[in-house]
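Asks: Take a look at the letters that make up each chain.
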Amino acid sequence: MKTFQTLLKITTPKRGTYSITDKIEQCVKESGIQSGLCHVFCQHTSASLIITENADPTVREDIEYWMQKTILDGDPAYRHNYEGDDDMSGHIRSMITQSSQTLPVSNNRLNLGTWQGIFLYEHRTGRFERRLVVTTQGA
Amino acid sequence: MKTFQTLLKITTPKRGTYSITDKIEQCVKESGIQSGLCHVFCQHTSASLIITENADPTVREDIEYWMQKTILDGDPAYRHNYEGDDDMSGHIRSMITQSSQTLPVSNNRLNLGTWQGIFLYEHRTGRFERRLVVTTQGA
Amino acid sequence: MKTFQTLLKITTPKRGTYSITDKIEQCVKESGIQSGLCHVFCQHTSASLIITENADPTVREDIEYWMQKTILDGDPAYRHNYEGDDDMSGHIRSMITQSSQTLPVSNNRLNLGTWQGIFLYEHRTGRFERRLVVTTQGA
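Residue numbers (this note's numbering), protein chains in the order written: chain A, 45 to 183; chain B, 45 to 183; chain C, 45 to 183.
Don't take each hint at face value.
Since the list gives no way to pick one copy over another, a pair counts as held whenever it fits inside one copy or between any two copies.
As the list claims (entries may be wrong) - With a straight-line Cα cutoff of 30 Å, these simulated DSSO-like cross-link-like pairs (lysine-lysine) come out:
1) Lys46 to Lys58
2) Lys53 to Lys73
3) Lys113 to Lys58
4) Lys46 to Lys73
In short, the hints are calculated from the structure, not lab data. All values derive from a computational prediction rather than experimental measurement.
Please put together the full structure from these sequences, using the hints given.
Replies: Next up, the structure:
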């Protein structure tokens, strides 16, 4: 049993979803771990991690539509709005998705379903550099 | 410290929640692991895992009511609707619940609270076979 | 590699968010584990764990505002209301946030982002004692 930890930095040019499946797969490969778990942690409170369909990009457009409808940008009732209309909505979006995802590792690979991809979801409208801590544990 | 991994296949006849607590407990027992963590991963993007009250089934009926009210089936604004009205709503429902649950293991048993159960939540209206990867790690 | 498990009991006087970052940090320190993962599990179905901004308390007031707007207390359509208007809403709030959070451990410390805090979110309006199982695994 061992632990292997890596820091990834991802630049997000604007609000939206960015596939990180290949980058996480690479971390697992480098770990040499055959069987275990890979944990991906997003060190931010207005960006998060989702697992969703990896084939048709309109899935992620519809997710963004639902997010905008359900979690208003610039709701006048928000008290916390220092950084703009996407500040508070970014925190709520992050909370109802996930700060981390844990994935099974089998045969030194992520053991995802056929249609699953892992995405960094940037909830702010501007450009950011986001940090992910990737920890693989197993035998 | 060791890792023990199993694949479970669950048939879901229709939309709804299916208790998997006993099946996961069995995986933990087979692992022989006394103290550690059990990770359950759903390999799909329109079915997910929730932890909720295990006693009164109306809890899960009310959850389904809230889901239908908050995440519309067949919203005309969705672009992704190849597989019907429950296609895109299934992806959003999965995203705001969880693709995986991690549970503490103590004395070779799941260390859940008295009222907690683990449920596979099928978000599609048809019949599916769903795959769960169960990984127990510990000493 | 080793596993270190602790039970924390937290009294929540009323609905709201309670910082547990320092308490979890203490569990990690006691484990002696340098590199790995820390898993925090809430043994309840109407209290949950969130990671959000740790500086401005209005962030968590706005989260509570959004929760009340999106998940009605005492919705007349709920069937499960034995324990009052906050009973069923508490279960739904718990489901769309998280029963557990897994956090990276580096150099015997939680490796959180600068602005991240871990909060126990009490969804019931009364006073409760909540139990958290904290499991740290690593080398």
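Asks: State for each hint whether it applies.
Replies: Each hint, compared with the structure:
Proximity of Lys46 and Lys58 under a CA criterion of 30 Å is satisfied in neither setting, with 37 Å inside one chain copy and 41 Å between copies. For the identical chains of this complex, Lys53 and Lys73 are neighbours both inside a copy (18 Å) and across copies (27 Å), given an alpha-carbon limit of 30 Å. When the C-alpha separation of Lys113 and Lys58 is checked against a cutoff of 30 Å, the pair qualifies both within a copy, at 19 Å, and between copies, at 28 Å. Proximity of Lys46 and Lys73 under a CA criterion of 30 Å is satisfied in both settings, with 14 Å inside one chain copy and 19 Å between copies.
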